[in-house]
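A.B. asks: Using full-length UniProt numbering, read the sequence shown as starting at 1 and increasing by one per residue.
Keep in mind the hints are simulated off the structure, nothing from the lab.
There could be a bad hint or two in this list.
[Claimed, not checked] In the BS3-like style, the derived pairs of lysine-lysine whose C-alpha atoms are separated by at most 25 Å in a straight line are:
| hint | residue 1 | residue 2 |
| --- | --- | --- |
| 1 | K351 | K256 |
| 2 | K367 | K256 |
| 3 | K329 | K367 |
| 4 | K367 | K176 |
| 5 | K190 | K329 |
| 6 | K351 | K367 |
| 7 | K367 | K190 |
| 8 | K253 | K98 |
| 9 | K256 | K98 |
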Amino acid sequence: MHYERVSLARRGGSWRMSYRAVYDAEHKGDRKWATIGAAANRAEAEHLAAEYLYNLPRDPEDERRAAAIEATVGHMPTVGELRQDDIDHALSVGAIEKSTYTGYCQHVRRLGDLGEIPVDRVTAQDVQLYIDSLVEDGYCSETVNLMLWTVRETLELASFRMLRPPLDLRRIRAPKHDRPLPRALSAEEKNALLAALPCIHGPLDAIVRLALFAGLRCGEICALRWTNVDFKRRMMRITNAIGALPSSNGYLKGPKSPAGMRALPIADGLMEGLERRRAEQEARCRDAGVPFTDDIFVVGDIDGAFMVPRYANQLFRTFVRTFNIGGGKCGLHRLRHTFATELIMSGVNPKTVSNWLGHTDPSFTLKIYVSSSPENLRASVDTVNEVMALPEGYAGQGSELPARIQGDEKKEEAEEPAPDPKAPRPVKIISWESLACG
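Using the sequences and the accompanying hints, generate a full structural model.
C.D. replies: Below, the structure is given as structure tokens:
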């Protein structure tokens with residue numbers, strides 16, 4: 001049994017909340033009210049509310065019902081059990097995708113010994129020892145910080161459910177995580193890729209062009225159907241993606257975010273590849289004696305099956321190794337980064353590039369998909385020279401400035417001697433009349 005907060009609002013100089021007892025998932029008590037005092041902001045008020053509810057004396061009737069439930073449940077959940085219960089619930093209500101759920105399950109297994117500790121017994125020292133063990137085992141800084149986030153989320157959930165008081169983890173030391181920015185193809189690598197395009201056929205040609213000429217994600221490429229391609233208007237609609245699961249061939253899902261559902265124009269290079277790909281699939285349908293329909297996936301098979309993103313990446317990696325593009329080590333997502341970087345460096349508005357990529361925030365586009373290369377820095381020097389140059393024919397007053405301001409004056413006048421610190425100071429006499437007048 002625990003108490004949960006129902007509402008929290010400021011009333012004058014204090015904060016007031018309503019709460020109720022939660023016996024199990026189906027039974028809850030009546031709402032009650034309490035004033036928790038003054039707080040500088042809502043975050044501080046929420047912290048006070050959590051402490052109030054945790055220290056709130058239990059009603060005898062609540063204790064009786066809680067004992068009955070505890071006898072049924074048997075024990076306090078561990079860190080791993082609580083985290084697993086949370087992500088199971090998130091999946092059941094549609095808060096996360098299946099692919100995200102699979103990754104979270106891997107995090108639960110990686111909790112190790114910390115995951116076996118009941119949530120009400122975990123200390124900050126336990127968390128620090130767990131983080132130190134990950135570092136000693138050779139995990140990268142990104143993984144270590146991700147697991148620290150997982151532990152924080154789980155313990156905050158335990159506090160929210162009143163299973164334990166809030167635990168301050170602000171002093172936990174983890175390796176600094178500097179996320180490496182993806183690198184775009186160089187001009188030479190991009191030209192080598194474009195020159196090699198006529199040498200490939202089948203779905204790989206369309207895969208490369210959709211990433212390089214439209215900046216699509218791999219999952220979006222695999223989910224594109226012909227019904228979403230309008231050759232007359234030269235437009236295509238991105239409405240779905242293919243989610244990856246290690247235990248299956250993937251599944252069809254919605255876009256990564258609401259901004260991911262977008263309509264994009266088709267560039268000339270992409271139009272050429274799409275027309276060729278459609279002709280290939282229509283010919284295969286005729287040879288197989290089956291009708292061609294617009295429900296077929298652009299890079300899928302004529303039987304209506306889609307290509308899984310994992311296989312699309314394998315095709316592309318084999319291609320770059322064969323033609324030695326990017327040193328033979330180049331992922332498909334790098335073409336998306338190249339697309340965005342080329343547009344930004346060509347002066348396209350970041351908001352427009354963000355719409356191309358399906359980003360909600362243009363600042364994210366600038367942060368992630370724009371490289372600061374030495375070539376770009378050298379090119380910007382011309383802009384500095386241009387904006388900082390004095391306009392031709394401008395008649396300024398620089399030549400008429402006094403010599404002492406220009407710094408090349410000649411000391412023609414004798415310098416005044418420095419005052420003697422031991423000399424008596426002059427006395428200034430102030431009359432009452434002057435004070436009255438002032």
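A.B. asks: Please go over all the hints and tell whether each is borne out by the structure.
C.D. replies: So, going through the hints one by one against the coordinates:
This hinted pair checks out: K351 and K256 have alpha carbons roughly 18 Å apart, not beyond 25 Å. For the given pair, K367 sits about 19 Å from K256 by alpha-carbon distance, which is consistent with the 25 Å threshold. Under the criterion of a C-alpha separation no larger than 25 Å, the hint pairing K329 with K367 is consistent with the structure, at around 24 Å. About 18 Å separates the Cα atoms of K367 and K176, which keeps this hinted pair within 25 Å; it holds.
Among the hinted pairs, K190 with K329 is consistent with the structure: their alpha-carbon atoms are about 14 Å apart, no more than 25 Å. Of the supplied pair hints, the one linking K351 and K367 holds, its CA atoms being roughly 13 Å apart against a limit of 25 Å. Using a Cα cut-off of 25 Å, the hinted pair K367 and K190 holds, with the two alpha carbons roughly 22 Å apart. At most 25 Å may separate the alpha-carbon atoms for a hinted pair to count; K253 and K98 meet this at roughly 9 Å.
For the given pair, K256 sits about 12 Å from K98 by alpha-carbon distance, which is consistent with the 25 Å threshold.
No hint from the list above goes unmet by this structure.
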